[in-house]
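2 protein chains.
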Amino acid sequence: MATASTIFSDCSSSTTARLVPLSRIRNGILQFRQSVSVGWKPKNPSLNFISTHGRSSSSIVTVAMATEPSATVIDGKSVAKKIRDEIRSEISRMKDATGIVPGLAVILVGDRKDSATYVRNKKRACEAVGITSYEVHLPENSTEEEVLNSISGFNDDPSVHGILVQLPLPPHMNEETILNEVSIKKDVDGFHPLNIGRLAMRGREPLFVPCTPKGCIELLHRYGIEIKGKRAVVIGRSNIVGMPAALLLQREDATITIVHSRTKHPEEITSQADIIISAVGQPNMVRGSWIKPGAVIIDVGINPIEDAQSPRGYRLVGDVCYEEACKVASAITPVPGGVGPMTIAMLLSNTLVSAKRAHNFE
Amino acid sequence: MATASTIFSDCSSSTTARLVPLSRIRNGILQFRQSVSVGWKPKNPSLNFISTHGRSSSSIVTVAMATEPSATVIDGKSVAKKIRDEIRSEISRMKDATGIVPGLAVILVGDRKDSATYVRNKKRACEAVGITSYEVHLPENSTEEEVLNSISGFNDDPSVHGILVQLPLPPHMNEETILNEVSIKKDVDGFHPLNIGRLAMRGREPLFVPCTPKGCIELLHRYGIEIKGKRAVVIGRSNIVGMPAALLLQREDATITIVHSRTKHPEEITSQADIIISAVGQPNMVRGSWIKPGAVIIDVGINPIEDAQSPRGYRLVGDVCYEEACKVASAITPVPGGVGPMTIAMLLSNTLVSAKRAHNFE
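Protein chains in written order, with this note's numbering: chain A, 6 to 367; chain B, 6 to 367.
Among these hints, one or two may not hold up.
Said to hold, decoys possible - Below, simulated DSS-like cross-link-like pairs (lysine-lysine); rule was C-alpha separation at most 27 Å, straight line:
hint, chain 1, residue 1, chain 2, residue 2
1, A, Lys361, A, Lys87
2, B, Lys87, B, Lys233
3, B, Lys190, B, Lys128
4, B, Lys269, A, Lys233
5, A, Lys190, A, Lys128
6, A, Lys269, B, Lys100
7, B, Lys297, A, Lys297
8, B, Lys100, B, Lys190
9, B, Lys128, B, Lys118
10, B, Lys100, A, Lys297
11, A, Lys86, A, Lys128
12, B, Lys86, A, Lys269
13, A, Lys190, A, Lys361
14, B, Lys297, B, Lys269
15, B, Lys361, B, Lys82
16, A, Lys118, A, Lys86
17, B, Lys190, A, Lys190
18, A, Lys269, B, Lys82
Unchecked claim - From the derived model, a few chain B residues whose C-beta atoms are all more than 12 Å from chain A:
hint, residue
19, Lys86
20, Arg98
21, Arg117
22, Asn185
23, Glu210
24, Ser243
25, Gly318
If you're looking for bench data, these hints aren't it; they were derived computationally from the structure.
Here a beta-carbon is modelled for each residue, glycine too, at the ideal position from N, C-alpha and C.
Between the sequences and the hints, there should be enough to build the whole structure, so can you do that?
Written out as structure tokens, the structure is:
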């Protein structure tokens, strides 16, 4: 396993970090609606020697790194690749035995560039593992009925095992109405309230688990990190990441706390956690002082912040201040290359699971 | 408002408290599957002057009570009566305007005495507020299909607005299959996974909220106890109390932690809580030292423990050691007379809500 190094040259305070103007609510990451009360109180100043507002000289960093502990980097990119390889071979086995290939349908409405990129990436990932992908692209001014009709067609199509409606939808559409139309048997996003209800209930099994939180837990499993009996704090309570992540951790017998925008002194809570999953879309919000030494950090945030030295003018950072966290935590996901690649891998996995279930193939 | 006095003469240690042999899993209260690690460490010995294993002389108690702070007693019995009065007048208004009266159907299978008592109490409570009650009593050896047929009949009957299957069912029946048959529009227990899913999701509204947790929150509301921004700990993660109680608190912007049988050092977590809801069925488990001074305690547990001085040979105590807690907490529900009476009041409320919705009456 790799160990973390100081990838970024600074770690902006969350109160001064500037989001790139084009930043908006991203797929899977909701912004806090209100600013979180951020108490920047270094509990162990020796761990926070790097200036929080300026930049440290590289020599100081080098000296520090020689004496500081450094976290295991949870390499989502390579885990996701391994999972995709496993899926590819399972699909091949299924095709040989039954002649059937899993199919994933994506419905895209409107012309958002980021959505188009996500859809393109999903299609490519499908092709790479042998899943047939279907796409309907409807214009921005489509009616809700047209979207519902597309979903209904895929619901009835036996070659489609998963249906994905790319969010966000245009503002004139009711997201709830549209998502509810997806057959629960093809709800590979796992967003149907019946799936969420089963996820919340003991003794019930959801047909599908939402992809990003499933990816977080899969990373913990693949790195042999114990969940049972641990204190886990989830930061963010979105329907698509925070809440289902908390439910998943609880199903594995963690004691969960959900921190959100109305939580006072979140750092007092996070600093008790053995496992932190952060999914709020606040760059570098979780500081070194928020983290218990030895904790495991799963950072779902992907936040662009200004960076004049980058050719693109920005770079991506997580919700967690990586260069501080990697000195306190025992393991941490980087951004990018941590949770990000896991989401699509879990979508492929859910589609395979659905096809196996539909055709009773084990 | 009344203030607490030392109702019980002692507070048995949870490790020494003896459950009455007939005690079993009660309606709404699940026992912990494993014993919780109980660290009885008085943090403020002056608050715990009463012997925990022996009995204090009444003179000491009297002296102590003159100097100790004493919590507001959250009087569930009188709140429930007030709610039943409100429901009665609403039903009368509805009947006058539409001629329609809400109806609640109860399905009882087998001959458990406790179940028969619960059903009888529910029928009486219905009659008292003007809800028509319907009952099907099936023998213990009925088939699952017979139960499903009864439910199906009530699903189709427009005079029935709520359907309640008395739990537990005989062991040869699949509870999930049977509960799933209840129309979500008549699921006044709120146990359907679709209702639980909507409860868990932001921006979604369940048609019904489970009665006992709804009763807990109603008590907080009626006593003007703020939830938003507070730390809340729910002890117990059952589908019918703990988990939905936590979801309800989170919907009102509390920061929730769910403590359960696999939680290590639960007392460290509960002692940070502004609000504690306990629903585990462990007599006197939550000691004074587990509670932050000024916290609010909602005790869902109803546990019979041996008491030679009682004519029945036992008395009922909560999950919380009342005589210790009432000196630390700012407000507390007694057992009995706290949450207990609220459950049926909320069932009547859910039935009224259902009838209003079915007939579009506001």
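Status of the hints after comparison with the structure:
no.: 1; hint: Lys361(A) <-> Lys87(A); result: holds (20 Å)
no.: 2; hint: Lys87(B) <-> Lys233(B); result: holds (25 Å)
no.: 3; hint: Lys190(B) <-> Lys128(B); result: holds (21 Å)
no.: 4; hint: Lys269(B) <-> Lys233(A); result: holds (10 Å)
no.: 5; hint: Lys190(A) <-> Lys128(A); result: holds (21 Å)
no.: 6; hint: Lys269(A) <-> Lys100(B); result: violated (47 Å)
no.: 7; hint: Lys297(B) <-> Lys297(A); result: holds (23 Å)
no.: 8; hint: Lys100(B) <-> Lys190(B); result: holds (21 Å)
no.: 9; hint: Lys128(B) <-> Lys118(B); result: holds (15 Å)
no.: 10; hint: Lys100(B) <-> Lys297(A); result: violated (60 Å)
no.: 11; hint: Lys86(A) <-> Lys128(A); result: holds (16 Å)
no.: 12; hint: Lys86(B) <-> Lys269(A); result: violated (36 Å)
no.: 13; hint: Lys190(A) <-> Lys361(A); result: holds (12 Å)
no.: 14; hint: Lys297(B) <-> Lys269(B); result: holds (18 Å)
no.: 15; hint: Lys361(B) <-> Lys82(B); result: holds (26 Å)
no.: 16; hint: Lys118(A) <-> Lys86(A); result: holds (26 Å)
no.: 17; hint: Lys190(B) <-> Lys190(A); result: holds (22 Å)
no.: 18; hint: Lys269(A) <-> Lys82(B); result: violated (34 Å)
no.: 19; hint: Lys86; result: holds (32 Å)
no.: 20; hint: Arg98; result: holds (32 Å)
no.: 21; hint: Arg117; result: holds (21 Å)
no.: 22; hint: Asn185; result: violated (10 Å)
no.: 23; hint: Glu210; result: violated (10 Å)
no.: 24; hint: Ser243; result: violated (7 Å)
no.: 25; hint: Gly318; result: holds (34 Å)
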